[in-house]
Amino acid sequence: AQTVTQSQPEMSVQEAETVTLSCTYDTSESDYYLFWYKQPPSRQMILVIRQEAYKQQNATENRFSVNFQKAAKSFSLKISDSQLGDAAMYFCAYRDGGATNKLIFGTGTLLAVQP
Amino acid sequence: NAGVTQTPKFQVLKTGQSMTLQCAQDMNHEYMSWYRQDPGMGLRLIHYSVGAGITDQGEVPNGYNVSRSTTEDFPLRLLSAAPSQTSVYFCASKKAGTGSTEAFFGQGTRLTVV
Numbered sequence: 001a002q003t004v005t006q007s008q009p010e011m012s013v014q015e016a017e018t019v020t021l022s023c024t025y026d027t028s029e030s031d032y033y034l035f036w037y038k039q040p041p042s043r044q045m046i047l048v049i050r051q052e053a054y055k056q057q058n059a060t061e062n063r064f065s066v067n068f069q070k071a072a073k074s075f076s077l078k079i080s081d082s083q084l085g086d087a088a089m090y091f092c093a094y095r096d097g098g099a100t101n102k103l104i105f106g107t108g109t110l111l112a113v114q115p
Numbered sequence: 001n002a003g004v005t006q007t008p009k010f011q012v013l014k015t016g017q018s019m020t021l022q023c024a025q026d027m028n029h030e031y032m033s034w035y036r037q038d039p040g041m042g043l044r045l046i047h048y049s050v051g052a053g054i055t056d057q058g059e060v061p062n063g064y065n066v067s068r069s070t071t072e073d074f075p076l077r078l079l080s081a082a083p084s085q086t087s088v089y090f091c092a093s094k095k096a097g098t099g100s101t102e103a104f105f106g107q108g109t110r111l112t113v114v
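Same order as they appear, the protein sequences are chains B and G.
According to this note's numbering, the residues represented by the first sequence are 1 to 115, in order.
According to this note's numbering, the residues represented by the second sequence are 1 to 114, in order.
One or more of the hints may lead you astray.
What the hints assert, rightly or not - Quick list of simulated restraints, FRET-style, between CB atoms:
no., chain 1, residue 1, chain 2, residue 2, range
1, G, Asp56, B, Thr3, 17 to 23 Å
2, B, Arg63, G, Met27, 23 to 29 Å
3, B, Gly98, G, Met27, 20 to 26 Å
4, G, Gly16, B, Phe64, 42 to 48 Å
5, B, Gln56, G, Ser69, 26 to 32 Å
6, B, Ala1, G, Gly16, 32 to 38 Å
7, G, Met41, B, Gly98, 38 to 44 Å
8, B, Pro40, G, Val114, 36 to 42 Å
9, B, Asp81, G, Arg44, 29 to 35 Å
10, B, Ala112, G, Lys14, 33 to 39 Å
11, G, Gly51, B, Pro115, 27 to 33 Å
12, B, Pro115, G, Thr70, 43 to 49 Å
13, B, Ser7, G, Glu59, 19 to 25 Å
14, B, Ala1, G, Thr101, 22 to 28 Å
Think of the hints as simulated: they come from the structure by calculation, not from any bench.
We put the beta carbon where it would ideally sit given N, CA and C, even for glycine.
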């Protein structure tokens, strides 16, 4: 069975600095997708960034980028120029490339941004 | 754009009571699912549906029932609430098929069973 591991329960970063959140996963599939979701205190789940396993190029979305290491099964999220609004719980998630559509989530990393 | 709408947002139940968490989406998505979120455990899949009339169990289905009579609605029923079902519940929907298409989440329901 596929698993997703986030080994950092909490992280802290100074405003305007850069922080990296770690995620590792385990799968025997070759076709899959990886996601980072942000959950602010409002509870809303917001998609931050996605990565297709077949793409070698790391995904980027403005200040958010990933370091996707397929062989190491690692999928870290880098947040550059951190802002107070980035403070939230961040979840890494995995989905098979088939038609199951099931998301498997990590346990989350709570990010605090210090002014 | 309503997206995925969950009701209620908060609920307190007594042990043994039953209730239904409502979920509706207006995006004509085939795939809908229910997750529960517990501290330190992330989100875990309870039940899911790939279309009207089709449902299946996820990782933690015990104590919950679902049905999918229409594309739009996917209610989650707690037959006899237990304190272990105290959690935050999320409904999500997604266009079916492969690809990295996004799953859309409702605002969540915080359920407390006393």
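Comparing the hints with the structure gives:
Separation of G/Asp56 from B/Thr3 is about 20 Å and conforms to the stated range, judged on CB atoms against 17 to 23 Å. Against the hinted window of 23 to 29 Å, the Cβ-Cβ separation of B/Arg63 and G/Met27 comes to about 28 Å, which satisfies the hint. For the pair B/Gly98 and G/Met27, the supplied restraint of 20 to 26 Å holds, since their beta-carbon distance comes to about 22 Å. Our hint of 42 to 48 Å for G/Gly16 and B/Phe64 holds, since their Cβ atoms are close to 45 Å apart.
Checked against the hint of 26 to 32 Å, the C-beta distance between B/Gln56 and G/Ser69 comes to roughly 44 Å, which is inconsistent with it. For B/Ala1 paired with G/Gly16, a C-beta distance near 33 Å keeps the hint of 32 to 38 Å intact. Evaluation of the 38 to 44 Å hint for G/Met41 and B/Gly98 yields a failure: the beta carbon distance comes to about 25 Å. A hinted range of 36 to 42 Å is violated for the C-beta pair B/Pro40 and G/Val114, which are about 28 Å apart.
At roughly 33 Å, the beta carbons of B/Asp81 and G/Arg44 sit within the given window of 29 to 35 Å. For B/Ala112 and G/Lys14, the hinted distance range of 33 to 39 Å is satisfied, since their beta carbons lie about 36 Å from each other. Separated by about 48 Å at the C-beta atoms, G/Gly51 and B/Pro115 break the suggested range of 27 to 33 Å. Against the hinted window of 43 to 49 Å, the Cβ-Cβ separation of B/Pro115 and G/Thr70 comes to about 48 Å, which satisfies the hint.
In this structure, B/Ser7 and G/Glu59 meet the distance hint of 19 to 25 Å, their C-beta atoms being roughly 21 Å apart. Checked against the hint of 22 to 28 Å, the pair B/Ala1 and G/Thr101 passes, with Cβ atoms roughly 23 Å apart.
The structure fails to meet hints 5, 7, 8, 11 from the earlier list, while all remaining hints are met.
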